[in-house]
Amino acid sequence: MDLATLGGQFLGTIPLGDIVLYLTTFNLFMFGAALVFTAIIAMSRTESQVEAEFGTLNEREKKVSKDEFKIRRFLSIVCGLATAGAMITGDLFNFTLFVCLIGIVNIGIVAAVKEVDVLDSAFQYGIIAMIATLPLFGGAASILATTGTISLLELVNIPTSAFMLFSSILLFIGVAGESGVAPFFATKAEMFRTAGSPFLVIIHLSSLLVIVRTIEILLIINKPFGV
Amino acid sequence: MKLGRIWNSLATPKNIPKVFSIILGLVLLAGFIVPLTYNDHQLYPRPTPQLQISEKDPLAPYNRGGIPLEEPGIVKAQYPQFAPSEGMVTGYLSPIAIGVSNTTLYFGTSIYSSPGGLIDEILYYSRGFDTILESSILMMAFVIASWVALHFTMRRREE
Numbered sequence: 010m011d012l013a014t015l016g017g018q019f020l021g022t023i024p025l026g027d028i029v030l031y032l033t034t035f036n037l038f039m040f041g042a043a044l045v046f047t048a049i050i051a052m053s054r055t056e057s058q059v060e061a062e063f064g065t066l067n068e069r070e071k072k073v074s075k076d077e078f079k080i081r082r083f084l085s086i087v088c089g090l091a092t093a094g095a096m097i098t099g100d101l102f103n104f105t106l107f108v109c110l111i112g113i114v115n116i117g118i119v120a121a122v123k124e125v126d127v128l129d130s131a132f133q134y135g136i137i138a139m140i141a142t143l144p145l146f147g148g149a150a151s152i153l154a155t156t157g158t159i160s161l162l163e164l165v166n167i168p169t170s171a172f173m174l175f176s177s178i179l180l181f182i183g184v185a186g187e188s189g190v191a192p193f194f195a196t197k198a199e200m201f202r203t204a205g206s207p208f209l210v211i212i213h214l215s216s217l218l219v220i221v222r223t224i225e226i227l228l229i230i231n232k233p234f235g236v
Numbered sequence: 025m026k027l028g029r030i031w032n033s034l035a036t037p038k039n040i041p042k043v044f045s046i047i048l049g050l051v052l053l054a055g056f057i058v059p060l061t062y063n064d065h066q067l068y069p070r071p072t073p074q075l076q077i078s079e080k081d082p083l084a085p086y087n088r089g090g091i092p093l094e095e096p097g098i099v100k101a102q103y104p105q106f107a108p109s110e111g112m113v114t115g116y117l118s119p120i121a122i123g124v125s126n127t128t129l130y131f132g133t134s135i136y137s138s139p140g141g142l143i144d145e146i147l148y149y150s151r152g153f154d155t156i157l158e159s160s161i162l163m164m165a166f167v168i169a170s171w172v173a174l175h176f177t178m179r180r181r182e183e
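Residue numbers (my numbering), protein chains in the order written: chain A, 10 to 236; chain B, 25 to 183.
By construction, these hints were calculated from the structure, which means they are not laboratory data.
Be aware that one or more of the hints could be misleading.
Straight-line alpha carbon distances no greater than 30 Å define the calculated DSSO-like cross-link-like pairs of lysine-lysine that follow [said to hold, decoys possible]: (1) A:Lys123 - B:Lys38; (2) A:Lys232 - B:Lys26; (3) B:Lys100 - A:Lys71; (4) A:Lys123 - B:Lys42; (5) A:Lys72 - A:Lys123; (6) A:Lys72 - B:Lys42.
The following residues of chain A were derived to be distant from chain B, with all beta-carbon distances above 12 Å [stated by the list, open to error]: (7) Asp11; (8) Gly21; (9) Leu32; (10) Thr33; (11) Ala51.
Please read these numbers as outputs of a predicted model, since none were measured by experiment.
The beta-carbon is built from N, C-alpha and C at its ideal position, and this holds for glycine as well.
Isolated chain A (complex conformation) (with noise of 0.2 Å):
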């Protein structure tokens, strides 16, 4: 399979020595809409939630302080800029380093509320993406040992063999942990329970990406439909 059948056309590469990114129609379009959701996101303000209290008619708002604001901004922006390159890079190892910084600071975004369940889904899913660095550093290593490379643009042209299946569905298994895909979206669902919405949005959207990202990168290993 042709790297330009999956992505439309082949715009061109950036070469950073051993890491060539490379552009087509559909990686530049996810890019894109990358930078400009997290611009938006850049230049926002948070939400603040409004509860009912029970038994009375008081009602309590739930704001985000000025101190978390910012630190949640920055590490939106950084999980958004991450996002932006997985989804050019031509290099599967590259990549994976993509990932885990997403899953990283996914963590952070949520580290700094206040509620305890919140905090409890957060340690679960930190837990998860600890784990997960196994088989998604394992795959890339795997796919390396087995095809002598892991550049994108070399492996288009490797005919399949049963230990890169093996290694790619270890490297599906690592980004399903990390971005936290069904069956193992509880912890990043519960995340979700907080007040500060703009910036809880980048990570359901990163995880989305990479997922669209990663199913394109296996394709392009493994060649499903002939080469």
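Using the hints, position chain B against chain A.
What follows is chain B alone, placed relative to chain A:
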């Protein structure tokens, strides 16, 4: 009924790491029956692990040879056209590193070998972007940890 209970347990954050590690463990076990194929024309070659140790090389197992700025060591890049001076500094040793490597046979595996010692050229030259990303992962972890430590997001003492 049974299925509903499984879904419910999947919706409890506390159970998720267990589920994840069980799935990972099963896949890793399945990996034992997958035929291993190893490509020995590797991108980042190095000699057999015990070879340099048997030769009593103090830089073992990280000796890639080469004379700094004169003769390239054994470094193979994926795209040599993007790395024109490949291998030129891989043999560099700082004065301290030279001193230590003359006194002990285990310099290559000691902590001295990284900063200012053996330069891992793959890290800093042909795959430099990865190094930047790795350090930024570390930096983000420190940012989060220090923010949480400074702001006491949990009430630690009853006041």
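How the hints compare with the structure:
1. A hinted pair counts as satisfied when its Cα atoms are at most 30 Å apart, and Lys123 (chain A) with Lys38 (chain B) qualifies at roughly 19 Å.
2. As the CA atoms of Lys232 (chain A) and Lys26 (chain B) are separated by approximately 38 Å, the hinted pair breaks the 30 Å bound.
3. Taking the CA atoms of Lys100 (chain B) and Lys71 (chain A), the gap is about 57 Å. The hint is violated against a cut of 30 Å.
4. With a C-alpha separation of about 26 Å, the suggested pair Lys123 (chain A) and Lys42 (chain B) falls inside the 30 Å cut-off, and the hint holds.
5. For a cut-off of 30 Å, the pair hint linking Lys72 (chain A) to Lys123 (chain A) stands: about 11 Å separates their Cα positions.
6. Pair hint Lys72 (chain A) plus Lys42 (chain B) does not hold up; C-alpha atoms about 34 Å apart against a cutoff of 30 Å.
7. Against the 12 Å criterion, Asp11 (chain A) stays outside the reach of chain B, whose nearest CB is about 19 Å from its own CB.
8. The Cβ of Gly21 (chain A) sits about 14 Å from the closest Cβ of chain B, beyond the 12 Å cut-off, so the non-interface label holds.
9. Annotated as non-interface, Leu32 (chain A) keeps its C-beta farther than 12 Å from every C-beta of chain B; the closest such distance is 16 Å.
10. The beta carbon of Thr33 (chain A) is kept farther than 12 Å from every beta carbon of chain B, the shortest such distance being approximately 19 Å.
11. The claim that Ala51 (chain A) is not at the interface with chain B holds, since no C-beta of that chain comes within 12 Å of its own (minimum 17 Å).
Violated hints, in rising order: 2, 3, 6; the structure is consistent with all others.
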